[in-house]
Amino acid sequence: MTADVISSPATDALEAGVRRGLYDAMVLSRTYEEAILREYHADKGPGFDIGKGLVPGEMHLSAGQEPVAAGVCAHLTTDDAVTATHRPHHFAICHGMDLDKMTAEIFGRVDGLGRGRGGHMHLFDPATHFSCSGIIAEGYPPALGAAFAFQRRGTDRIAVAVTGEGAANQGAFHESLNLAALWKLPVVFVVEDNDWAISVARDDSTAIPNNADRAAAYGMPGERVEDNDVEAVYAAAGRAVARARAGDGPSLIEVHTLRLWGHFEGDAQGYRPELAEVPEHDPIPRYEAALREAGVLDDGGVSETKERASARVEAAIEFAKASPVPDPSTVLDYVFA
Amino acid sequence: MTMTETPAQTRRLNTSKAMVEAIAQEMRANPEVFYLGEDVGAYGGIFSSTTGLLDEFGPSRIIDTPISETGFIGLAVGAATEGMRPIAELMFADFMGVCLDQIYNHMAKIHFESGGNVKVPMVLTTATGGGYSDGAQHSQCLWGMFAHLPGMKVVVPSMPADAKGLMAAAIRDDSPVVYMFHKGVMGLPWMAKNPRTTDVVPEGDYVVPIGKAAVAREGTDASIVTISLSVHHALDVAEKLAEEGLSIEVLDLRSLVPLDREAVLASVAKTGRLVVVDEDYHSFGMSGEVVASVADVDPGLFRAPPQRVAVPDIPIPYAHALEYAALPRHDRIEAAVRTVLG
Ligand SMILES: Cc1ncc(C[n+]2csc(CCOP(=O)(O)OP(=O)(O)O)c2C)c(N)n1
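Chain order of the listed sequences is U and F.
Mapping the first sequence onto our numbering, position 154 (from 1) lands on 247, and the numbers just tick up by one.
Mapping the second sequence onto our numbering, position 12 (from 1) lands on 91, and the numbers just tick up by one.
For the record, the hints were derived by calculation from the structure and aren't laboratory data.
All residues carry an ideal CB built from backbone N, CA and C; glycine is no exception.
Keep in mind that a hint or two might mislead.
[Claimed, not checked] If the Cβ cut is set under 10 Å, some of the chain F residues that face chain U in the computed set are:
(1) Ala-108
(2) His-185
(3) His-227
(4) Ala-348
[What the hints assert, rightly or not] Covered, in the sense of this in silico footprint (three residues per stretch, anywhere, with C-beta under 8 Å from a C-beta of chain F), are these stretches of chain U:
(5) 228-242
(6) 315-329
(7) 403-413
(8) 417-430
[Said to hold, decoys possible] Which chain F residues stay away from chain U? Per the calculated CB distances, all over 12 Å, these:
(9) Asp-118
(10) Val-197
(11) Glu-282
(12) Thr-299
(13) Pro-391
(14) Arg-417
With the sequences and hints as input, model every part of the structure.
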């Protein structure tokens with residue numbers, strides 16, 4: 094069995110409302126990442142000191158990967174769980190996380206999701222059942238547990254587990270696929286193939302070209318979506334989510350996506366031969382053009398979406414900056430419940 | 080401690096049955112509790128940690144897993160964050176290497192990283208300890224490693240009643256608890272055992288609070304502070320020395336996290352002489368921590384330099400003669416007590 098490879102958009106055009114929703118979600122996510130990029134680099138100088146500034150530490154931004162999050166999360170409600178990675182913002186945003194609390198956490202403030210204890214790789218949000226892990230592939234097993242709880246309670250809630258293609262070579266990835274299939278857990282496994290695991294190209298790390306083929310080894314459907322096409326992601330995720338909600342068990346979707354920027358901020362990407370061409374593959378202008386052509390979007394619609402996104406994001410940044418820095422005297426709090 | 084049954088009980092159980100009784104009682108009371116691990120179903124746990132539970136609760140709550148410790152311990156973490164109360168069994172503590180990430184980076188940190196917004200109410204049960212020639216990969220205690228890593232409580236019962244009461248407390252705790260049972264305290268019919276591994280165990284609801292040491296034997300001349308199977312050895316030594324008129328106190332820590340430093344201080348304040356016995360490795364572990372608990376606060380309490388009896392910093396050997404030279408057995412404990420007595 095070889096996994097299906099979806100390389101052309103669905104023939105039946107999606108409803109205009111759905112298409113607009115996908116576009117809006119991608120723009121909100123991109124607008125957010127651009128704002129974090131700006132804030133992150135605003136005060137790292139002179140030179141680049143990773144520990145300096147209002148947003149210190151490693152910063153893995155998701156620009157270019159919005160089609161994956163938008164296409165998958167369009168099928169979810171905030172009752173469904175998402176476990177994401179070290180690069181979590183696009184999934185958090187598309188899953189409906191409160192941007193104020195999320196941003197305050199990234200700024201390390203008391204109104205953040207983790208009151209400044211977590212940071213950008215450790216966003217835990219009970220309101221949207223969202224979590225992430227900075228340890229590659231280790232976000233998969235907890236997704237099984239959320240799915241297990243949903244299944245036990247007789248609900249049709251599901252869990253979505255996200256990793257990069259680099260993570261597909263980790264033991265936790267394979268243990269999780271087997272266990273989820275064995276117990277028919279309502280999980281959708283999503284692999285974001287952005288060609289690179291930091292500086293290691295997927296062909297230098299992975300024995301087969303298509304991680305969706307690995308699904309067959311665990312007796313579950315696998316689909317690979319080419320072209321970073323949000324509507325193809327939406328279609329594949331729709332099938333996988335429906336299967337999970339119906340109690341038929343897990344599926345695996347790999348999306349060939351794009352890392353528009355560096356692995357993390359400060360990455361000069363000297364290892365990346367295709368660097369010069371990367372911007373022309375940006376999925377958002379491409380989708381915008383397609384929607385204009387289809388008559389779903391016009392100048393007014395585009396600026397409305399962008400202005401709304403920008404206002405929302407800037408409000409979140411303001412909220413974060415206004416939130417107090419945690420009091421050092423509270424450093425011992427929250428170790429135990 | 081709550082005890083709803085009438086006092087003066089005489090019913091005796093071995094440690095494994097006491098542990099299982101607590102699990103069964105908590106499972107009856109709370110449908111969110113379930114137990115998963117390798118060979119915990121029909122086999123009843125390789126070290127009898129789940130004997131009979133499958134019959135009562137069925138395979139949906141007593142769950143045999145694939146040999147995927149990262150997968151199923153991580154599953155427990157996720158289920159706990161969604162409000163269930165999983166008990167996941169790591170067959171031997173020695174196997175922590177294949178799944179430690181889910182334990183210390185996920186189970187133990189999510190509550191902190193979430194600023195207290197997400198709880199992880201789960202229990203990780205695991206068998207520890209040597210003494211039966213199982214070699215370097217199946218004989219370790221390793222509680223010092225778990226205790227070193229913040230965010231998980233670590234309980235290590237030595238006596239049947241505590242095995243029950245601490246298990247009930249662990250399941251009810253809103254924080255993750257690592258429950259480490261030494262194979263040698265379980266009372267298994269196929270392993271040498273101390274007669275103390277069968278003892279009176281209260282029936283009904285019985286909870287022992289986590290973080291409180293127990294004075295296993297009162298004494299005034301020297302304190303042996305220890306945990307798990309070594310409590311049994313220490314009591315044997317104290318009984319023997321009593322015949323010489325020596326009064327040795329034995330303090331059973333019962334948990335390493337939280338560590339009952341007050342109880343250690345109180346005992347050493349009384350005796351002025353401290354022997355720490357630990358079946359874990361000597362350096363960077365429990366024995367040093369216990370000594371520091373006194374030294375940090377009031378080093379003047381020591382009337383003699385404290386002694387540590389632990390596994391010297393070597394892997395646990397296989398051959399019986401070598402293993403027993405490495406483990407903190409009676410002869411080494413007795414010698415250390417005589418040293419502090421001067
Ligand atoms: C277990 C583990 N090993 C290594 C790392 C360091 N690391 C962080 S991100 C990364 C690359 C991950 O690549 P991929 O899974 O493809 O995700 P991407 O960064 O491309 O989104 C590595 C090696 C880690 N965080 N965890």
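Hints, one by one, checked against the model:
| no. | hint | verdict |
| --- | --- | --- |
| 1 | Ala-108 | violated, 17 Å |
| 2 | His-185 | holds, 6 Å |
| 3 | His-227 | violated, 14 Å |
| 4 | Ala-348 | violated, 27 Å |
| 5 | 228-242 | holds (count 12) |
| 6 | 315-329 | violated (count 0) |
| 7 | 403-413 | violated (count 0) |
| 8 | 417-430 | holds (count 5) |
| 9 | Asp-118 | holds, 16 Å |
| 10 | Val-197 | violated, 5 Å |
| 11 | Glu-282 | holds, 29 Å |
| 12 | Thr-299 | holds, 35 Å |
| 13 | Pro-391 | holds, 32 Å |
| 14 | Arg-417 | holds, 40 Å |
Comparing the model with each numbered hint stated earlier shows that hints 1, 3, 4, 6, 7 and 10 do not hold.
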